[in-house]
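Between the sequences and the hints, there should be enough to build the whole structure, so can you do that?
2 protein chains.
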Amino acid sequence: MKHKYKNILFVLFFFLVANALQAEDGYRLWQRYDLIDDAGKLNAYKQAIARIQVAGNSPTLTIVKNELSAALQGLLGVVVPVGEGEAVPGAVVAGTPTSSPVIASLQLADRLKAVGEEGYLLLTANTGGKKYTVIAANTDVGVLYGTFHFLRLLQTQQDIHSLSVSSAPKLQKRILNHWDNLDRTVERGYAGFSLWDWHRLPGYIDQRYIDYARANASIGINGTVLTNVNANALILTKEYLVKVKALADVFRPYGLKVYLTARFSAPIEIGGLKTADPLDPQVQAWWKTKADEIYTYVPDFGGFLVKANSEGQPGPQNYGRNHADGANMLADAVADKGGIVMWRAFVYDNEVPDDRAKQAYNEFKPLDGTFRKNVMVQVKNGAIDFQPREPFHPLFGAMPKTPIMMEFQITQEYLGQGTNLVYLSPLFKEVLDSDTYAKGKGSTVAKVIDGTLNNHGLTGIAGVSNIGTDRNWTGHQFGQSNWYSFGRLAWDHNLSSEAIADEWVKMTFTNNNQLVSPVKNMMLGSHEAAVNYMTPLGLHHIMGWSHHYGPGPWIKDKHRADWTSVYYHRATAEGIGFDRTKSGSDAISQYFPPVQKQFGNIKNCPEKYLLWFHHVKWDRKMKSGRTLWDEMCYKYYAGVDSVRQMQQIWNKMESLVDAERFNHIKMFLAIQEQEAVWWRDACLLYFQTFSKRPLPAGFEKPGHPLEYYMQLDPKFAPGI
Amino acid sequence: MKHKYKNILFVLFFFLVANALQAEDGYRLWQRYDLIDDAGKLNAYKQAIARIQVAGNSPTLTIVKNELSAALQGLLGVVVPVGEGEAVPGAVVAGTPTSSPVIASLQLADRLKAVGEEGYLLLTANTGGKKYTVIAANTDVGVLYGTFHFLRLLQTQQDIHSLSVSSAPKLQKRILNHWDNLDRTVERGYAGFSLWDWHRLPGYIDQRYIDYARANASIGINGTVLTNVNANALILTKEYLVKVKALADVFRPYGLKVYLTARFSAPIEIGGLKTADPLDPQVQAWWKTKADEIYTYVPDFGGFLVKANSEGQPGPQNYGRNHADGANMLADAVADKGGIVMWRAFVYDNEVPDDRAKQAYNEFKPLDGTFRKNVMVQVKNGAIDFQPREPFHPLFGAMPKTPIMMEFQITQEYLGQGTNLVYLSPLFKEVLDSDTYAKGKGSTVAKVIDGTLNNHGLTGIAGVSNIGTDRNWTGHQFGQSNWYSFGRLAWDHNLSSEAIADEWVKMTFTNNNQLVSPVKNMMLGSHEAAVNYMTPLGLHHIMGWSHHYGPGPWIKDKHRADWTSVYYHRATAEGIGFDRTKSGSDAISQYFPPVQKQFGNIKNCPEKYLLWFHHVKWDRKMKSGRTLWDEMCYKYYAGVDSVRQMQQIWNKMESLVDAERFNHIKMFLAIQEQEAVWWRDACLLYFQTFSKRPLPAGFEKPGHPLEYYMQLDPKFAPGI
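Protein chains in written order, with the working numbering: chain A, 3 to 722; chain B, 3 to 722.
In this list, chains with the same sequence are indistinguishable; a pair is considered to hold if it fits within one copy or across any two.
Under the rule of at most 27 Å between Cα atoms (straight-line distance), these lysine-lysine pairs were calculated in the DSSO-like manner:
1) Lys717 / Lys290
2) Lys403 / Lys367
3) Lys584 / Lys605
4) Lys259 / Lys717
5) Lys668 / Lys703
6) Lys240 / Lys668
7) Lys703 / Lys240
8) Lys717 / Lys276
9) Lys240 / Lys717
10) Lys276 / Lys240
11) Lys48 / Lys67
Hint data in this document are derived by calculation from the structure and do not stem from the laboratory. Note that the structure is a prediction, hence the values are computed from the model and not measured.
Spelled out as structure tokens, the structure:
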């Protein structure tokens, strides 16, 4: 083993050295504009594209011009001239009817109206025998989005000779949530530290701020919450607002709005008041003044994200008020400037003697209809906490009068953190496609959040960012695909995981199908693999204490029961699982009847959610014919096997990808394999102390006894 | 002001955007191998260089081959073939007499003997009319050092047609000290976070580890202490040693040895012992076993660096033992493997009722002669703590029987931290060239540390690293010059600051003298400028509390007197300065008599050290004819003026340097100007409360009253 490792190191070493001077470090993300390697397509594109015509000089349109210019030079290997005036054959005309006389002349009013503020059209126009490409939108940022779409077509080598694309986002607010602290640590950050170098702001504008905004614009993300939901009130002081302004100024031309987290006790901590009671007129006045001050620095400030009365954060309940009282006060402070409040429903309390999974619903459902119009309730995809797999949160569909915002976690807190290849789009899609039955069959979660189910105009989705200072942005190269997927699904939740992976792989690596197809397969199976080696069959929250790194099913006797593993798996000599049916916590009753029927009946409940909703006997027969214990073993081993298959697939890609990224991913897959084995062995050995059953025949033996795994105590995972 | 700022941002913005795709982010440091832009020189080099001949396949020689190959391709714009066998005309033959028959045939034994283990020869050989270049050394790493020297000649466009260079390092241990914590924070780090990604080691080998080693090798640095002197014992556990091994394996071929900091209480914390008494046989045995264990992972482990009984760190004095007892115990543990112990002399105690400046000398001088042969005492350049300027530490020359190691601080804790352009070579040189008079005139600090004064074979120098995860390694582009200078002076302390700046500027920016000359001037004046706007005339340690960011001359009444500013400046209505003559603390008596005479006599004392050694009346007439108060004002204003001149110089460089680095430096200079004004105004307003004298006529008024500066309370400077 030692020897093997040494050899690998040695080989890697020379690969890395050889490539040191021409770094393929992943910094470019999916925005790679290398020469198109298919001669036929290259030729076709060169014929179709002869000139760039961007009328207008706004900051955003200047970006469009520069982006087209740089991208086409890279992709086509020739300098495409920039011109103005009438469209020439082969022109790429980008603009709005206002900025561009050519576009104004094309009579696109109806089609443009349909795509709204941020949408765009990609068209092949043919005026008097002159064929040219049109990127048209109602706003400059729409043109920018259209430009990135057009470039994506080239990067993925699509046909562009007769374009007729209309595209508009299905969700209004497409927002990254950065859990970034002012000291530059990132809560649940696995890609280095915070991009925001507060100390050197506003004087120093890091190039990464610009590249960050550009990457977000390329996938349609239009908002960013700069600060952690576990908030620090200092961000609302003048000292920091000048820094926030500097970032907002950089982001603005890319259509990226800045939001901040509001610490509920800020009026006390930085305002000198004695209370933060939301019904206190002084407190209300303080927030109004504070909001007005923020708008003097950031005229298009997006609004506040708030975590209140949750995990120790202060909130309105400290004053005997409810969440709506708190949210409405902040909403009133920003309403006249068009700001919104995103109020998180992630609340639970160890003191409340009820299943943690039920508490958010219990607290928020009664408040439906009491929130201001500019409040969104931000709900995590599941009722616990971003587990490898959760059934959809029962609040989706349960608050028809309130705009519900989705909160996904892009950072892989519970999904392998900084080193595991887990493509999250299948997780996102599984939730979005879930049917709440709120208004009968077809009432999917997606329809709840996109406003179509209950006719809401204010819609949104948030993703907890996986971005940090690591050179490749996301720590793991494949982490980039999760940022990408989030953006793409935020724009259009109808896209398939396969289609998104296809785009991403082609843009990030190559169009060569020898790589595209196997790597896509690897990605598409990776979420199920992680679920299998971590928490199969509906198991949840059995990971390491606090840092959540690695397995910890034995965790118990902590100061909060709802932060222990035994609270969730409830393993006994008879069986395992959390009974959330009527005989148990009855969390099931929070779902609409057809869902209750399905999940609540052990016979109908999908096995992937089985132990989420049911306490199940070890020898219960599963659909496979195996007992539950054997099935659990099978799943854990299958998870490890999947990772090994991923390794085999990746090893075959060596000649198709640059050495630096090849080795990076190879090393990470090796770590993932070790961690998967660790999870499998630790969990099965632990659960075996209850089941008292042997591993099925033929399975490799765990490398160590249970005690070994229980005494492991990883420090500084992943750092401070 | 606001409007101006906005305009600057806008202009910067488009510069940055335009360059986003072709990043000149400083990652390449001084190791830039771009095409030589002087056609004549390019031609000459092409004629002189036709083939690379590196006989041997060791990891180090493979690096030599790859480095020459990549560098020559970049610099000459042609692929230089790699060959073997007899030297052909135009060959660059690199190797040792053992690896290369060509070199063996050149009869270089005597010259090679003179350059020792790490030195090298660069020669133009002429064998039977065949002219070729030889890079010869006794060891592979010597060849690597010679290779980088040869490449530097090309990068700086020197003549290479008749080379006859012998070079050997004057100091044996040339070591970076990383004050990096296991949680990836860096104490006094201003360039992001720690390069060492402990969590993902050993599985993930970051490309930066390799590039770090390569950069160090290029300037002859041969050791690195990976961990903070404020040490964590966990680094000595198996869990971390496998990670240390992975780094050591990467660094080894570059000649870079790994050292660790030893937490003195480790036998208790991780060893389960009840004591860490260095005279306890169990403790001694524990360290011996631990050292042996380390050597199983890292066979060429360099040894330990120890901060003991200093600023709260445990040490031998906890057990009534002295520093030699502690150092010798550790030295015995590593002696048989060739390891060394670097024991820091940076000790002082608030409980000791004596001038902090005297304490290290008082404690260590009596121990001279009692240390093991493999112990070095590591002494900071001055007796306080890396101040903008300090007179040399009185321990230099005072311990003739002990190898004394220099500790410089490359990270700019007290010199503008992450944003100020301060070229440190003049500071380093000022100390190295100081005459201790230990053995009469000419007993310079340099001769103390290079072993020539007292005939020591073990010699060394340490630099507290300024390297972090920031893309350009050092936060400020010009911080790179300090890393570079440290390495170059560690190799040869006779180099001038001007010569080092010349090399660095040419390699980092351009050989165009329109840039080289003014930028060199800017660098050479920058240290004096910082001293002037921070602590002129011998003032010291008057910076902000704890983070040391910005001015804080008013700091008093803290739990330790020796951590306050008033302890150091001692301003009164009559005058200012710390009397360290016989009438005061008598620290002066720690120097040899000729130095005592000079520094101790207010008439002879160089004014740059005046307030270090003397309490001086406000109206004392200075050499300039001005009163002390007026002179102090003059110096503070001159410091700010110097920064403004640097800005003017830099602004003229716009056409000569890429936009990204131009703007980076421009932004940082603007921050530096603001900070210099802040320092000037805060200090002068504060000292004015004692001097009761007006600012001299014609000086611009401070922007705010003293109270404004006193209430500033920068948070998170520079981060956690």
